[in-house]
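J.: These are the residues of each chain, in order.
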Amino acid sequence: MSGPALLSVENVAVDLPTARGNLRAVDGVDLSLGAGRTLGIVGESGCGKTMLSRAILQLLPKKARLNGRVMFDGHDLARCDAETLRKLRARSLAVVFQDPMTSLNPVLTIGTQLIETLQEHLELDAMQAKKRSVELLAAVGIPAAGQRLTQYPHQLSGGMRQRVAIAIALSCEPKLLIADEPTTALDVTIQAQILDLLAREQRRRHMAMILITHDLGVVAGRTDEVAVMYAGRVVERAPTPALFKNMRMPYTEALLAAVPKLDAAPHTPLPAISGRPPDPTRPIKGCSFSPRCRYAESPCHCDKPQLVNAEAPDHQYACFHPIQIAAGAVA
Amino acid sequence: MMLDSSRFVSTNPLLKVENLVVEYAVGGNTVHAVSDVSLEIARGETLGLVGESGCGKSTLGRAVLQLRPAVSGRVLFDGEELTAMQGKRLRQMRRRVQLIFQDPIASLNPRRRIGDIIAEPLLIAGLKDSKKRHELVCEVLSAVGLDPALVMGRLPHEFSGGQCQRICIARALVLNPEFIICDEPVSSLDVSIRAQILNLLEEMKARFGLTLLFIAHDLAVVKAVSDRVAVMYLGRLCEVGPSEQLFAHPAHPYTALLIEAIPVPDPDVRPAEMVAAGEPPSPIAPPSGCRFRTRCPRADQRCAGEMPELRVVASGQYVACHHPLT
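Protein chains in written order, with the working numbering: chain D, 1 to 331; chain V, 1 to 326.
It should be emphasised that the hints constitute simulated quantities derived from the structure, not laboratory data. C-beta atoms are modelled at their ideal positions from N, C-alpha and C, and glycine is treated no differently. Honestly, I wouldn't trust all of these hints.
[Stated by the list, open to error] Distance windows between CB atoms, simulated:
| id | chain 1 | residue 1 | chain 2 | residue 2 | range |
| --- | --- | --- | --- | --- | --- |
| 1 | V | 325 | D | 75 | 50 to 58 Å |
| 2 | V | 95 | D | 101 | 49 to 57 Å |
| 3 | D | 284 | V | 208 | 35 to 43 Å |
| 4 | V | 187 | D | 68 | 30 to 38 Å |
| 5 | D | 108 | V | 285 | 25 to 33 Å |
| 6 | D | 261 | V | 93 | 45 to 53 Å |
| 7 | D | 264 | V | 208 | 51 to 59 Å |
| 8 | D | 297 | V | 93 | 49 to 57 Å |
| 9 | D | 138 | V | 79 | 29 to 37 Å |
| 10 | V | 285 | D | 68 | 52 to 60 Å |
| 11 | V | 208 | D | 324 | 26 to 34 Å |
[As the list claims (entries may be wrong)] If the Cβ cut is set under 7 Å, some of the chain D residues that face chain V in the computed set are:
| id | residue |
| --- | --- |
| 12 | 156 |
| 13 | 239 |
| 14 | 240 |
Produce the entire structure from the sequences given, and follow the hints as far as they go.
T.: And the structure:
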């Protein structure tokens, strides 16, 4: 990684009290991200990827307990007062959620929602804010942007709503954009358009981005680094090309193998991962993936593997029996 | 290896849909959900039906089961016309055709025990012998990989999404049907669970000699299980063909677009910038001529004026396009 980190997440843990007992949603995660870089966070539902993003945004549920430190642009976010946080979230830390129907206000027009943000945070007057709103909507590929200002979210398609949500997120030129499953609710052709849009705006604004997804295909072509999460922990982390070429963690391998491939013949049985992720209120003593792992041996069931450095730079994995890579494959 | 597609152009298909039209009335407007769709499914075949949301693929599935009345056209199952049936005859026929839905949790009654949920179809079918019912329920639960002793007395909320989908599959199988319509059966499931359920469906198909209509928006998922694939856009069929052929040589620009849009888990494959911009138009006022023309890079005057009909481009492959790619 080059340059000082814009964001650094240090040993972050999130605990949620539930009726079934304490739920450790995020368990000791360390991450860092430089300005203008893209980090993909990949994992299945319940792996803690959304809670981690909420911890960064300081948008955790009220009952949640956060341990560890989140440093963003020189601020320790967990210790910021409400006003500082509000300013940071407005100007430099933006988010796009999965479902644009619930993240936009259904009873306000698109224009009101955009103009309000711009007036409040950029101190523009009404005319300037309106002009800027139209420019923003046009920049995210919304046709007839001027007319859209008077429309309500329900009058737009899912893809258009997500474009509006992106326009609002980009409106104050953030330094970091967190996109939490931004295309999961969208059709595949629209997904490609939205991912193209995010990539283009990111390059243009030299903005850092965290792209959270369950789809390894989405991160492959569009991120600099990838962190794979399982049961609240980062289990493998590497520059994107290294991760796909020399994955060491059996979970990453199994996750990639379980996706149906377009180049496979019909009726080829898929190498499915048996079982399911552990119950987060009943933590497993050893490696969380060990009950489903085909390489697991007795130490895997007793001790938790920590992230260790692979031979390649910036590549880390948490496994006692990493996948052996072919000789000479190390970059 | 090419699949022998001639195997599926049988003289006696299990399901035959002829010129089916389904429309909805919405606030004084008409939604053209399914427009003049014809297709056949041979016994033992899996036909994948793909398209984006709102293209009418689910409506087509429902119209086959007569859960949606057709405006015109016919649905024939094993030579008998479902569209002409009513009441008891239709109900009896439906025992041979079952349905699996997208959201397994929502399609199970949260207040009923798993054993009762799966036994209900048997009860409706008139099986009064409770011991026999219990036997059949145990059998089908074991078949889908659940332990009957552990599962039968529990409620749906005690299970994960993947397990609920296994329960839904068990419920669909308990009447020993010949034909199952799977409507996005894995799209709400996580990657690792999705593969388990897809494998299970394939296993069940072989074991019980099923014929499947597999509806999904994910082309890779559809390819994994289908012998033939039909692509739908805004209520119309664009292309039908053997899976391998259709994915290797798509003839319709829309099929090509769908294939191109799938994110490939390989960092060396740079995502292609989308050629066809824009979004599907409203099915209330579909474009004249070819419905895909507003997003199609190959569209010209003819596409606006003249509706393309399905025609053969290769063995078993049909396309509705004036300017096909092959």
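J.: For which of the previously enumerated hints does the structure constitute a violation, in increasing order of number?
T.: 2, 6, 7, 9, 11, 12, 13
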